[in-house]
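Q: Sequence:
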Amino acid sequence: MSKTELFEKGLKVRKEVLGEDYVNKSIAGADEFTRTMAEWSTEFCWGALWTRPGVDRRTRSIVNLAMLGALNRPHELKLHIKGALKNGLTKEEIKEILLQVAVYCGVPAGIDAFRNAREAFNEVDAAGS
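The opening residue of the sequence shown carries number 4 in the numbering used here; numbering runs sequentially from there.
The set of hints was computed from the structure by calculation and includes no laboratory data.
This one's a predicted model, so the numbers in the text were calculated from it and none came from an experiment.
Note that beta-carbon positions come from the ideal geometry of N, C-alpha and C, so glycine has one too.
Some hints could be false.
[What the hints assert, rightly or not] Label-pair restraints from in silico Cβ distances:
no. : residue 1 : residue 2 : range
1   : E35       : G109      : 35 to 41 Å
2   : F47       : E95       : 15 to 21 Å
3   : E23       : L52       : 30 to 36 Å
4   : M70       : E35       : 28 to 34 Å
5   : A51       : A31       : 20 to 26 Å
6   : A33       : P56       : 28 to 34 Å
7   : V110      : S5        : 15 to 21 Å
8   : E35       : Q103      : 37 to 43 Å
9   : T54       : A33       : 19 to 25 Å
10  : D34       : F124      : 30 to 36 Å
11  : K6        : G57       : 36 to 42 Å
12  : G131      : E35       : 17 to 23 Å
13  : K89       : R55       : 16 to 22 Å
[What the hints assert, rightly or not] In the EDC-like style, the derived pairs of lysine to aspartate or glutamate whose C-alpha atoms are separated by at most 16 Å in a straight line are:
no. : residue 1 : residue 2
14  : K89       : D128
15  : K89       : D59
16  : K81       : D128
17  : K6        : E46
18  : K85       : E46
19  : K81       : E122
20  : K18       : E46
21  : K85       : E35
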């Protein structure tokens, strides 16, 4: 598969999980410096990884929430919480994942993860209204 095909495949999945508006704004906002990272992450994260067989999107979301919470990456965590809801996770399941982050990675990471989850839930709820 060519680099262009992998990018297009990744772009499709990225839009399905994160939302077309977010992805379009992200790509449009890339400048000469950030464009390479935006293309690379779309190609490899979304095109090469998220499209692999063996693990469904729901499971990939669970893994991402745990890792992003553990790494205390609030922007990406909030984004992936919204994606996890699209991939079929419930708020209760997300809560349990974030409690596990708090126990194994530290209460401060858990507190920040819960704060970001609440913000993401509120934004999703407001967009649905």
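Q: Out of the numbered hints, which ones does the structure contradict?
A: 2, 3, 7, 11, 12, 18, 21
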